[in-house]
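Just so you know, the protein sequences line up as chains D and E, in that order. Per numbering that gives the first Met the number 0, the first sequence starts with residue 0, numbered consecutively. Per numbering that gives the first Met the number 0, the second sequence starts with residue 0, numbered consecutively.
Hints may be right or wrong, so weigh each one.
Stated by the list, open to error - Now the stretches of chain E that chain D is said to cover, found in silico as 3 or more residues with beta-carbon under 8 angstroms:
no.: 1; segment: 174 to 186
no.: 2; segment: 285 to 296
Said to hold, decoys possible - Looking from chain E toward chain D, a few residues come up when the C-beta cut is under 8 angstroms (computed):
no.: 3; residue: V219
no.: 4; residue: D221
no.: 5; residue: D225
no.: 6; residue: G270
no.: 7; residue: E299
no.: 8; residue: L302
no.: 9; residue: A305
no.: 10; residue: M308
Worth flagging that the hints you see were computed from the coordinates, not collected in a lab. Beta carbons: idealized from backbone N, C-alpha and C, even for Gly.
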Amino acid sequence: MSQTQLTREVAKRAFASEFNDSTYAFKESDDERAPNYALMPTGDRANRVFFVGTLTETEDVGEDSEYWRGRVVDPTGTFFVYAGQYQPEAAAVLRDTEPPAYVAIVGKPRTYETDDGTINVSVRPESIAVVDEATRDRWVVETAERTLDRIEAFSEFEAEQEAPESGSTVPTNEYAQMAREQYDSPVENYRRDVIQALESLEELEASA
Amino acid sequence: MSDVPQHAADIHEQFSDHIDVTVEDVEERLATLVDEYKVPIDEARRSVTTHYLDEAGLEREDISSGSSERAQIEDVDEPEQWIDLRAKVIELWEPRSDSVAQVGLLGDPTGTIKFTKWAKSDLPSLEEGGVYDLRNVVTDEYQGRYSVKLNSTTVVEELDEEIEVGDDTSEIEGALVDMQSGSGLIKRCPEEGCTYVLQNGRCPDHGEVEGEFDLRIKGVVDDGIDAHEVIFDAESTESLTGISLEEAKEMAMDALDTTVVADEIRDRVVGTYYRIEGPTFGRYVLADDVEELDGPVDAESLLIKARSM
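Start from the sequences and build out the full structure, keeping to the hints where you can.
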């Protein structure tokens, strides 16, 4: 089927380590209402993400009104989730859920620059649901698979760049190109994170 | 000028179903323009085509640019293609406009597609359940959905045979990431054959009516590659949530509010992984068969792959 403008943005899967490195935000057009994307270092864009992890801490960091921050941990790092009055349902879940708990979150990547100039990436949740361990494990495996697919495409793209005369037929990879221009961190780091995440599941299984 | 006979044959084929004209006649007209008046062949062809359009009382868009191709429904993937279909009329819908004579769903072994038959096309009436050879229909697209249009050049031939209709089944595995509005306990128009969901007690066709309760989920199932819109009817909503239509009505009655049902359903399904099987209807997949994916997962094969990369 042809892609239309009305197509819903897919929720991309990334581990916390890669998500938190996705500091470069961009739009595809000058239109004011054009969607915002975070550039993932393995060479994809994300307007929406889906992740499952352990909610380890919640805190109301708001001054005038409630503004909840949740820390959600996966095998590679921590997602920071912020929900205020414009995300009342998500804020209510953060207010009412007693950590630790497994949570599944759908949300939008947001970047902000701190006083010292570093860029932090956080999530503005569309929904937060309390889930079980099986769902968390399934997400880890699914995210590992999607991440490996991106790394594979990125590596093919890099090989092509280094040996253009080989005449290979790798499709152009616009976001890998962009990631190479914007980021320094090699994709190898994310492959190691995938291994670490999958090993954490295996260890659980072995100890069970 | 060896092109002339070929062009004449093409033009003749386009019109042979509509007017009584010989290839020789077409060729003579072309030859006159090309040989005597030195008109380029493309322009000559256009001129001759226009002449026959006038004679047949047709519009340019009514004829195909070449001969139409025999196709199957699953092949339809771009608009403005002229094709021949052999299909069964699965159902007929009520036309929304006077310019439409008939509208409904066609099926063949590869899938289903909407069709529209224009009133001015003056074609024979299609019967529900009938199997037809439809020659010279044109494809159309609206918001990613394809349909075919029967027009005044279409040839409809009823066939005395049965064809099996494929149901275009898709299988999706992914997380339910969103529940859309219009989910939960809804009211439908009770009029015969009308399935509209009421908005503030009103049906777009029948105005203010006493609605009938129904239960459904309009959800988005996303695997990180595609986001699929999925509709769960009352039966699959119950199997997913354990909430039956009767229980949903009681919940709404107790709370004096139907939205409690949607809230409860959302809590139970969002963030959960499912495998869904069912037919595709436009942009929706109808969840006929639903399985919650809560079993163990295999990390080992991926781990081997990751280590070897």
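Quiz item: Three or more residues of the segment 285 to 296 of chain E near chain D by CB distance under 8 angstroms?
Solution: holds (count 5)
Quiz prompt | Restraint check, 8 angstroms cut-off on beta carbons, for D221 of chain E near chain D | solution = holds, 5 angstroms
Quiz item: Should the hint that A305 of chain E touches chain D count as held when the rule is a Cβ pair under 8 angstroms?
Solution: holds, 5 angstroms
Quiz item: Given E299 of chain E as an interface hint, is the shortest Cβ-Cβ distance to chain D below 8 angstroms?
Solution: holds, 7 angstroms
Quiz prompt | V219 of chain E as an interface hint toward chain D, with CB separation required under 8 angstroms | solution = holds, 6 angstroms
Self-check item: Agreement of hint M308 of chain E with chain D interface, Cβ distance less than 8 angstroms
Solution: holds, 6 angstroms
Quiz item: Measuring from the C-beta of D225 of chain E to each C-beta in chain D, is the shortest one below 8 angstroms?
Solution: holds, 6 angstroms
Quiz item: Residue count check for the segment 174 to 186 of chain E against chain D: does it reach three with CB-CB under 8 angstroms?
Solution: holds (count 3)
Quiz item: Measuring from the C-beta of G270 of chain E to each C-beta in chain D, is the shortest one below 8 angstroms?
Solution: holds, 3 angstroms
Quiz prompt | Hint check: 8 angstroms Cβ-Cβ cutoff, L302 of chain E to chain D | solution = holds, 4 angstroms
Every hint, counting from the list given before, is met by this structure.
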